[in-house]
Each structure stands twice: as structure tokens, then as C-alpha cells.
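Using the sequences and the hints, build the whole thing.
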Amino acid sequence: GPTVQNWIEVVNLTSSKKVFTVKIYDQNGTIKSSKKLKVSGYGEVDTAGGQEFGQGVFLVEVAPPNLATRFMASVSRYSTSDGSNFNYATTVDARKATGEKVFVPISNEKGVCFSKTSLIDIANTLSTSTSAIVKFRDDKGAVKKRQTIKLEARGQVQLNAGAYITNTGSVE
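Position 115 of the sequence shown, counting from 1, maps to 115 under the working numbering, and the rest follow consecutively.
Every clue listed holds true.
Under the rule of at most 27 Å between Cα atoms (straight-line distance), these lysine-lysine pairs were calculated in the DSS-like manner: (1) K18 to K36; (2) K36 to K96; (3) K38 to K17; (4) K101 to K150.
Worth flagging that the hints you see were computed from the coordinates, not collected in a lab. Please read these numbers as outputs of a predicted model, since none were measured by experiment.
Rendered as C-alpha cells:
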């Protein structure tokens, strides 16, 4: 069957070499790895982002050596059936957790020769458990599904937006 690969990219936006700590947590919030990445001034490093532990949903934490360090990070996820033909690919920019509401556009559409759906990953970056209220809205903004999800410390869930939205809309 198809395999899903996750790659972490860290870009150092300073002129001197920096050492970043990259931690990977599984869906239950259990730490799977912690590694140091040495990144040259204005350099970039890629590293595996979870596939080394088999199929799963992972949370990646990238920590700079201090809060003043300027950097960018992202996680790229792609699926391939044979190593050269891709089913999908997506990149998610890393952001500092704020606890603020986040809105995500979703699309679940089918055509003559395509089909697309939106999987939504919801992660708890805290070291304690918490709850999240998730609202699935249609293209007119009407709430079609409201759900409260308990998230363990550094845990996450993946939801299929297509189960609630038949065409386009958003998730809050």
C-alpha cells in the first residue's frame, strides 16, 4: 500500500551556526525521539519526521538554542505508492503555539479524474492534557458539526473533514 513520508526542514536565519533540538511525539503524546541538529549560518537541514517509526500521526517540536534565535521550520508530508508516483504532498509551516483559534479551509470534491478530501490534524503542544472545541462549517459558514476533543499532553488527533462537509468549507 501507499507509504507516507514526513520530513522536517529547519532554516537558520542568523549568520552563525546554531544547534536546534527536534523532538518527535507519537499520537498519544509519547516522545519517540529527541535529536540535535547543527545548522550553519543561513543554512538549512532536513531530517526524517516520523516515518522511521512506521505509519502514524506525529507532532514535531523544533526548539532553538534561545528565544532570540531567528529561524523557520516546516514539515512536509507526502504519500507514494511506488517511490516515484505521488498520491499527494503538503507542507505545514511550524509556528509557535498560541492557544488562539485557528481557521483552516477544507475541500472535499470529486471530478472526472480527481478526488480530494481534507484531513485535519489537531495537536496539543502543552505538557498537560487539554480539550479543544472543533467546529466544521460549510461554504456558507453554518456549523455542521461541533465536537469537543480531549487531547493528552503533546497528543494529537486526525479528523476527516469529509465526514462532515460534502463540498467546501472551513474548520475552526
